[in-house]
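Let's have the full structure, built from the sequences with the hints guiding it.
Chains C and B are the protein sequences, given in the same order. For the first sequence, the numbering used here begins at 1 and goes up steadily by one. For the second sequence, the numbering used here begins at 1 and goes up steadily by one.
Worth flagging that the hints you see were computed from the coordinates, not collected in a lab. Treat the numbers as computed from the prediction; the structure is a model and nothing was measured. Take these hints with a grain of salt, some might be off.
To be verified - Estimated spans, in silico, between C-beta atoms of each pair:
hint, chain 1, residue 1, chain 2, residue 2, range
1, B, Y105, C, S144, 31 to 41 Å
2, B, F285, C, Q179, 42 to 52 Å
3, C, D137, B, Q284, 28 to 38 Å
4, B, F285, C, D137, 25 to 35 Å
5, B, L136, C, I18, 49 to 59 Å
6, C, A120, B, V125, 51 to 61 Å
7, C, D137, B, A282, 35 to 45 Å
8, C, S115, B, V88, 21 to 31 Å
Idealized CB from N, CA, C, for every residue including glycine.
Read off the chains here:
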Amino acid sequence: MTAIDTAIRAAAAEIALIGVTKSYDAKNTIIPPIDVTLRPGEFTVVLGPSGCGKSTLLQMIAGLERVSAGRIVIGGREVQDLEPKHRGCAMVFQNYALYPHMTVAENMAYSLKVSGVSKAERAERVGTVAKMLGLADYLTRKPSQLSGGQRQRVAIGRAIIREPGVLLFDEPLSNLDAQLRHDMRVELAELHRRIGATSVFVTHDQVEAMTLADRILILNKGHIEQFDTPKAIYHNPASVFVAKFIGSPPMNILQVEGDGSVLRLADGQVVANYSGIGKFQLGIRPEDIAVNEGGSIKTEIRYREDLGSHEILETKIAEQNLRIAMPFGVEIDTTQTLSLSFPQARLHLFDGETGRAIANAFGDAHSASVKEYQ
Amino acid sequence: MSSESSMFSHRWLPVLLLAPLMLLIVLFFYVPVFQAFYWSFFLEQPFGGGSEFVGLQNFQRVLSDPEFWGATGRTVIFMLTASSLAVVVPLMLAIAADRKIGMSYPARNILVWPKGIAGASIGVVFAFIFNPFVGLMAPLNSLFPGLWNPGIDGTDAFITLVAAHVWSGIPFNFVILLAGLRSIPPTMYQAAAMDGAGPWRRIFDVQLPLIMPQLFLTFVLEFTESITSVFALIDTITGGGPGGSTTLLVYKIYVDGFRGFDLSGASTQTAILMVFVLILAACQFFFLGRRINYER
Chain C
1 MTAIDTAIRA
11 AAAEIALIGV
21 TKSYDAKNTI
31 IPPIDVTLRP
41 GEFTVVLGPS
51 GCGKSTLLQM
61 IAGLERVSAG
71 RIVIGGREVQ
81 DLEPKHRGCA
91 MVFQNYALYP
101 HMTVAENMAY
111 SLKVSGVSKA
121 ERAERVGTVA
131 KMLGLADYLT
141 RKPSQLSGGQ
151 RQRVAIGRAI
161 IREPGVLLFD
171 EPLSNLDAQL
181 RHDMRVELAE
191 LHRRIGATSV
201 FVTHDQVEAM
211 TLADRILILN
221 KGHIEQFDTP
231 KAIYHNPASV
241 FVAKFIGSPP
251 MNILQVEGDG
261 SVLRLADGQV
271 VANYSGIGKF
281 QLGIRPEDIA
291 VNEGGSIKTE
301 IRYREDLGSH
311 EILETKIAEQ
321 NLRIAMPFGV
331 EIDTTQTLSL
341 SFPQARLHLF
351 DGETGRAIAN
361 AFGDAHSASV
371 KEYQ
Chain B
1 MSSESSMFSH
11 RWLPVLLLAP
21 LMLLIVLFFY
31 VPVFQAFYWS
41 FFLEQPFGGG
51 SEFVGLQNFQ
61 RVLSDPEFWG
71 ATGRTVIFML
81 TASSLAVVVP
91 LMLAIAADRK
101 IGMSYPARNI
111 LVWPKGIAGA
121 SIGVVFAFIF
131 NPFVGLMAPL
141 NSLFPGLWNP
151 GIDGTDAFIT
161 LVAAHVWSGI
171 PFNFVILLAG
181 LRSIPPTMYQ
191 AAAMDGAGPW
201 RRIFDVQLPL
211 IMPQLFLTFV
221 LEFTESITSV
231 FALIDTITGG
241 GPGGSTTLLV
251 YKIYVDGFRG
261 FDLSGASTQT
271 AILMVFVLIL
281 AACQFFFLGR
291 RINYER
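Okay, structure coming up:
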């Protein structure tokens, strides 16, 4: 660890949300009671579609939105009734929210200035953070003279300069172009490793979630669908919602019916052995489907997408869409009916009504490695 | 993307479109301005019948007249107090209205209405409001006799003028400043709140710096307008009295020219006033305007 790291390394704080609720009126509940604990120093990504309440959740932690009920405990202190400045959180905003009339140095030092830190110390800490973020040459510039990536760095610098115990990110990368987003992702991961503050990162981008998170919290209409490591979420999605949300292309979900011994599609094809009776949803990832001559499942190819490294086949099976990812170099006769088989160990079974996962339906071997996180 | 020249390819169309406005401006602005300057070098007969070129004699006469300097001094004092208040009061209203208080939408609408009232009407209304016997101050006057009487006390009369001017200036400045405040993105306040700045600190560190263009605009317009538009108020409220204490330059010009029939003296003072206003506006742009940050 270098001198720079120790200079801005913060004491990470645990965040506990206990029965936290947000509603604007009796009918309009944004977030039903939520209970979750984020460990000190953990990088949590809150993932969900727009309107799922993830930004509201972040703003409640920050103190920019009031909680309707429940308690927020940061570092052992109840903070739900405190002003943002007394919570020990810093925040990075989606549109950067830099002060346009201040220079880069003034932007980063503003919080120190407000809290009465001396001019000399402000300059020293701005110097340290600027060096760390590669902004040392831009300190006298105004935000309008910076590129998008530089502005985002200033916003991050402004957040970390106070050595907060908690860092909050509200979709900070969504205004950047694809290349820059990737670079900033790498930088953020590195930064988190060096600073160690408990971080909450809100996004709707599953790639950001998969790459940055220690644990991903998936929100759907304010409910926690699943809160687990990226690996566990990918391999053991807790619901159809999670299964469809994570992975690109997303997991195939087929409506099947169980007769006590096998699961059948609507056209009668048997896709798996299972002892349950009734309606189920069967999930299989496009890359887990095995295409082979002897496969018992037949499907029609409708469209073929060549992505270079692999190919995506869009097929139809019992009036339902099925995507298959094929490794590069496998020759396929697209005019023929395709024969497939679904490896039992790669199948996911969900309840037909609730969409919740049915654990160990097929004796999940691949989930053993991720059990320890649950 | 179409450039301006491709939008108006017709050569004479822009000229034709501009012509009516240019005609009005020339007829009612440039010609009178030129005439005022022209007459300031002539001694004009009060009832017509020729004029005589006198060079700079009119200026010598006006500039050595203590009444002219008195009126100029009062004009500057009025300009500084009235125009500052006419920006600061709407600024406070706008900051309040910007914080989503209940009824702020109808309030924003209603606050604009005074803009439609003529200066003379405002004058008549304020003459009543500040009347020492029936107005707002009447109860105070019965407690402390002689405390408030704009008809006798020059300072009281001056305060009445300032109040009327500030009131008439609220709508326009309020709209401009509120528009400036509304255009500040809400995340800016959130960022400042996260940085530890309370509501008051945010006013001075975030809101005011970010509405500098709007503040500058209102100040420039107020400074120049307070000098000229006060005429209607003086004419209806004080008539320049008591004892000339509210005779500002613009009113003195009117009295000299149309009551005293000193047409040359009035023209000369008009020319001086015009140059003064021009220099003032130029100074504001030169010293302040360049330092305004228009970046968002």
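Here's how the hints hold up against the structure:
no.: 1; hint: Y105/B / S144/C: 31 to 41 Å; in the structure: holds (32 Å)
no.: 2; hint: F285/B / Q179/C: 42 to 52 Å; in the structure: holds (44 Å)
no.: 3; hint: D137/C / Q284/B: 28 to 38 Å; in the structure: holds (36 Å)
no.: 4; hint: F285/B / D137/C: 25 to 35 Å; in the structure: holds (34 Å)
no.: 5; hint: L136/B / I18/C: 49 to 59 Å; in the structure: holds (56 Å)
no.: 6; hint: A120/C / V125/B: 51 to 61 Å; in the structure: holds (58 Å)
no.: 7; hint: D137/C / A282/B: 35 to 45 Å; in the structure: holds (38 Å)
no.: 8; hint: S115/C / V88/B: 21 to 31 Å; in the structure: holds (29 Å)
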